[in-house]
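So the sequence lines, in the order shown, correspond to chains A and B.
Its first residue numbered 1096, the first sequence is counted upward by one per residue in the numbering used here.
Its first residue numbered 31, the second sequence is counted upward by one per residue in the numbering used here.
Some hints here could point you the wrong way.
Stated by the list, open to error - As a list, the in silico PhoX-like pairs of lysine-lysine whose alpha-carbon atoms are at most 20 angstroms apart:
#1 A:K1263 <-> B:K128
#2 A:K1278 <-> B:K141
#3 B:K151 <-> B:K141
#4 A:K1196 <-> A:K1257
#5 B:K151 <-> A:K1306
#6 A:K1271 <-> A:K1182
None of these hints come from the bench; they were simulated from the model.
Since the model is a prediction, treat every value here as computed from it, not as a measurement.
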Amino acid sequence: MEFIATKKPAKPLTAVKPIGGEKNGEKRVVLLKKRRNYYPTQDKIRKRPAKKCFKQHKRSLRSSIKPGTILILLAGPHKGKRVVFLKQLHSGLLLITGPFKINACPLRRISQRYVIGTQTRIDISKAKIPDTINDSYFRRERKKRAKKEEGDIFSTKKESYKVNDQRKADQKIVDKEIIGAIKSHPERKLLFGYLASMFGLRSSQYPHRMKF
Amino acid sequence: MPFRRFVETGRIALIADGPQKGKLASIVDVIDQTRVLVDGPASNVPRQQIRLNQLHLTKFRIKFPYTARTRIVRKAWNDAKIDEKWSDSMWAKKLQAKEKRAALTDFDRFKLRKARSRRNKIRSQAFFSIKNASSRNGSLYGKKKMAKGGDKPKVKKAAKAEKPAAKKK
Chain A
1096 MEFIATKKPA KPLTAVKPIG GEKNGEKRVV LLKKRRNYYP TQDKIRKRPA
1146 KKCFKQHKRS LRSSIKPGTI LILLAGPHKG KRVVFLKQLH SGLLLITGPF
1196 KINACPLRRI SQRYVIGTQT RIDISKAKIP DTINDSYFRR ERKKRAKKEE
1246 GDIFSTKKES YKVNDQRKAD QKIVDKEIIG AIKSHPERKL LFGYLASMFG
1296 LRSSQYPHRM KF
Chain B
31 MPFRRFVETG RIALIADGPQ KGKLASIVDV IDQTRVLVDG PASNVPRQQI
81 RLNQLHLTKF RIKFPYTART RIVRKAWNDA KIDEKWSDSM WAKKLQAKEK
131 RAALTDFDRF KLRKARSRRN KIRSQAFFSI KNASSRNGSL YGKKKMAKGG
181 DKPKVKKAAK AEKPAAKKK
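Produce the complete structure using the sequences and hints provided.
Below, the structure written as structure tokens:
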């Protein structure tokens, strides 16, 4: 069988338009799809996505870590302690509290990298954490040096960190809410003991095989 | 010690290796020195060849002719109530306990530790009270080593301490 192509009715490419004026020929053939009036000689300059600075970065949080989760700290001065996770701050660090009464861990920031998220959770949805507790609250204070230092560079003493009263007050406020949340948990007595105890591995306990 | 569990038609085995791990199946036919045809209609094991190395033989055996169809195997399996017998066996119970232990969370492990320590304390308390009483009245170490003046019962100061400790659990 011969293939006979059926032609679609062709769309008109040009149109005939009347024009005015004497001795102009009375009509012009005009393209319906007009050609471009400017053909650039160079490529367009396209803006590349600019590098984002740190504060614009996207923060991610492990799915095992949710507000109220009990975390096991793996590094830092409070390593081995079990603490309550409050929220993730703007910088991406996690805001935690012991609570201080239970295990002497204050309101603190830590990276989620140094933490194990357990499956045990406390309902802290009703606990209100003051908005003033954010990254700038925890920022280290740098002492401003006098422009021209006279004398020994070594004479300046290193002042040990002292907790200021605002921190103590905030700690009390937050801990009251958190301890209230723990008390409404059905296993509160064991939870208090759990938070007060330290994490450790024993013989034949392998973290990659354990569930937390 | 003679062999008691043989690779034979009807032998129930636990598949210990491979994608069907943990399931029971019965040997239908022997293929060669290392492989058998296996079928577990009650435990979702499709009829297939399997290496003997992947099987751990159990003490259970059912009767059906070799190369019998799955339907026949299923009937023999259900009539012999293999699933019940298996779950009553120590082997199955130990496997279950192992699974439970692997699924414990950190909090569960803490609770287990506390419970175990409390239980052991109660045990040792009971033991020492019996031991001390019987050593004082001469029944343990003999009359010569008895406490002077016989065994006098101790005044119970410790009765108060027991109550709050029992509440903590």
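Q) CA of K1271 of chain A to CA of K1182 of chain A, is that 20 angstroms or under? A) holds, 16 angstroms
Q. If you draw a straight line from the CA of K151 of chain B to the CA of K141 of chain B, is it 20 angstroms or shorter?
A. holds, 15 angstroms
Q) Hey, K1263 of chain A versus K128 of chain B, does the alpha-carbon distance stay inside 20 angstroms? A) violated, 46 angstroms
Q) Is K1196 of chain A within 20 angstroms of K1257 of chain A, Cα to Cα? A) Holds, at roughly 18 angstroms.
**Q.** Pair hint K151 of chain B and K1306 of chain A, alpha-carbon separation not exceeding 20 angstroms
**A.** violated, 28 angstroms
**Q.** Given pair status - K141 of chain B, K1278 of chain A, alpha carbons within 20 angstroms
**A.** The hint holds at about 17 angstroms.
Comparing the model with each earlier hint shows violations of hints 1, 5; every other hint is respected.
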